[in-house]
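Residue numbering for the sequence shown is 1 to 387, as defined by the numbering used here.
Mixed in with the good hints there might be a few duds.
Below are the DSS-like pairs computed for lysine-lysine, each with C-alpha atoms no more than 30 Å apart in a straight line [claimed, not checked]:
1) K342 with K312
2) K109 with K144
3) K359 with K347
4) K312 with K353
5) K359 with K312
6) K359 with K343
Computed beta-carbon distance windows for the label pairs [as the list claims (entries may be wrong)]:
7) L126 with E380: 34 to 44 Å
8) G149 with L316: 13 to 23 Å
9) D363 with P318: 17 to 27 Å
10) K343 with E125: 32 to 42 Å
11) K48 with D80: 17 to 27 Å
No lab work stands behind these hints, which were simulated from the structure alone.
Everything numeric in this text was worked out from a predicted model, so none of it was measured.
By construction, the Cβ of each residue, glycine as well, lies at the ideal position given by its N, Cα and C atoms.
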Amino acid sequence: MGLVPVDANRNEVIVFDTNVLLTDPQALFAYPDAEVVIPETVLSELDKLKTNHSDPDLRFRGREVTRLIFELADGNSLVDGISLPEGGTLRVAPFEYNNQSLPDGFSTKTPDDKILATAWLLNDELEGPASLTLLTNDLNMLLKAQTAGLEVSQFGKGDDISFGKRYIIRPFQRYRVPLLILAIAVALFAAVTVIGITQGGLFRARAATVSTDFRNLLTSNQQGAYDALVTLQNDPNNTDALLTLANFYYDRTNLDQANNDSAAMMTDARNGITYFTKYLAHFPTAADAQSDMAALYYYSGNTDMAIQVIGKVLELNPNHLKANYNLGIFYAFGRNDLDSAKKQMEKVVELTKDNTANKTIHDQATQMLQSITSRQQSEETSTTATK
Numbered sequence: 001m002g003l004v005p006v007d008a009n010r011n012e013v014i015v016f017d018t019n020v021l022l023t024d025p026q027a028l029f030a031y032p033d034a035e036v037v038i039p040e041t042v043l044s045e046l047d048k049l050k051t052n053h054s055d056p057d058l059r060f061r062g063r064e065v066t067r068l069i070f071e072l073a074d075g076n077s078l079v080d081g082i083s084l085p086e087g088g089t090l091r092v093a094p095f096e097y098n099n100q101s102l103p104d105g106f107s108t109k110t111p112d113d114k115i116l117a118t119a120w121l122l123n124d125e126l127e128g129p130a131s132l133t134l135l136t137n138d139l140n141m142l143l144k145a146q147t148a149g150l151e152v153s154q155f156g157k158g159d160d161i162s163f164g165k166r167y168i169i170r171p172f173q174r175y176r177v178p179l180l181i182l183a184i185a186v187a188l189f190a191a192v193t194v195i196g197i198t199q200g201g202l203f204r205a206r207a208a209t210v211s212t213d214f215r216n217l218l219t220s221n222q223q224g225a226y227d228a229l230v231t232l233q234n235d236p237n238n239t240d241a242l243l244t245l246a247n248f249y250y251d252r253t254n255l256d257q258a259n260n261d262s263a264a265m266m267t268d269a270r271n272g273i274t275y276f277t278k279y280l281a282h283f284p285t286a287a288d289a290q291s292d293m294a295a296l297y298y299y300s301g302n303t304d305m306a307i308q309v310i311g312k313v314l315e316l317n318p319n320h321l322k323a324n325y326n327l328g329i330f331y332a333f334g335r336n337d338l339d340s341a342k343k344q345m346e347k348v349v350e351l352t353k354d355n356t357a358n359k360t361i362h363d364q365a366t367q368m369l370q371s372i373t374s375r376q377q378s379e380e381t382s383t384t385a386t387k
C-alpha cells in the first residue's frame, strides 16, 4: 500500500511537521478550508515523547495532540480521513517508501527526512489546481523543503508562546519575596516535619525549635509564606494560608519563566493551581484568584482550561479589566485565534481609554492590538502568496 491519494475536492493541502503541533495543538483547526495531513512519522515522534526525558511542557503538549486526534477520529479511520468540526478534513498519511525517486539530499533514515519525503510524494501526486504547503517551524527543514521546490510556511513565530506568557497581567500581588531563600525554608520545613512525625513527640518539640530558628533568618514577607506552611499543618482549610502559598507558587512560576526553566515552570504552576483550587473551594467567585489560576493553567500549557477558568470570571464581571486582557493573550498565543484576541484587546482599550489610573494596561493593550493586527496582515500576505 502506498500513500493515500490527496482528496481531489480540496484545493489546499497542509502537511504538518511535529513541531507545529507541539507549539499549538489547536493549529489543527487553523485551516478550515484545507485538507490537513499528518505524516505517520509525526505520530511516531509524538508517541516517543511519552517515555523520553524531554521538556515536561513538550510531553504535555504531545499528550494533548494525541488526545485531540483520538477524540476527533471517534473510532473512524484516520487514514481514510475525517471531517473537522470547524471545516476541512484531517487524515494521517502512512509512509511506505517503495524506492521512489526523491530529491537529492533526502533520505528515509531520519524522522525529518521521512516527513519531507511524505510531503514531497504527496505533492507529486497533486492534480488540477490543488496546492500543498508543508508547515514547519524547523529552520533546517524549511530550507531543505525550499531547495526541493516544496511550498513551505512557518506557523506563528518561534517565540510566540513565551512572549505571550511574559505579557500576562496579575490582578494583584500580595507576596513578592526573594524566592531562593524561601524555597530553602520550605524544603527544610518539609524535611523537619517528616522526620518529626517518624520520631515521635519528643522530636516534634525539637523540630519546632529548629523551625523557629530558621524563621528568624527570613524577612517579614518570607515569614508570611513560611508561616502559611506551618498553619496548614494544623488547619488544612485556612484560606489565608492557602492563598499565600498559591501566590508563592505563582511568583516562582514567573521566576521560572524569566529563567527559561520550563521544567520548574510546569511543576510550580501545577502546585499553584492546587492551592488556588483549594482556596476557590471556599470562595468560588473570587475573581482575582480565578484570574491568577487561569494564568497558571496557561503557563502549564493547558490553554483550554485557562480560557475556561477566565470565562467564569467574565461571566460574573464582563468588564474585569485584567481578565479581559489575559484572555486576549490566551487567544493570541495559546490558540493563534487572532480574531478573538483582537476583539479582547479592543475591549480593553475601550475600557481604559479615559482612565489615567489604568494607563499602563491601556498602553500594553494598544501595543498588543497593533502586534495582533500586524500578524494578521502578515498571515494574509503569506496565504495570498502561496495561492
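How the hints compare with the structure:
With a CA separation close to 20 Å, the supplied pair K342 and K312 stays within the 30 Å bound. Only pairs whose Cα atoms come within 30 Å are accepted, and K109 paired with K144 is accepted, the gap being roughly 15 Å. Straight-line distance between C-alpha atoms of K359 and K347 comes to about 14 Å, which keeps the hinted pair within the 30 Å bound. Simply put, K312 and K353 have alpha-carbon atoms about 25 Å apart, close enough for the 30 Å limit, and the pair holds.
For the suggested pair K359 and K312, the alpha carbons sit about 26 Å apart, so the restraint of at most 30 Å is met. The hinted pair formed by K359 and K343 meets the criterion: a straight-line CA distance of about 19 Å does not exceed 30 Å. One distance hint, 34 to 44 Å for the beta-carbon pair L126 and E380, is violated here, with the actual separation near 24 Å. As the Cβ distance of G149 to L316 is approximately 55 Å, the hint placing it in 13 to 23 Å is violated.
Taken as a hint, the range 17 to 27 Å holds for the pair D363 and P318, whose Cβ atoms sit roughly 22 Å apart. Here the CB-CB span from K343 to E125 is close to 40 Å, well matched to the stated 32 to 42 Å. For the hinted restraint 17 to 27 Å between K48 and D80, the CB-CB distance of approximately 25 Å keeps it satisfied.
In summary, the numbered hints that this structure violates are 7, 8.
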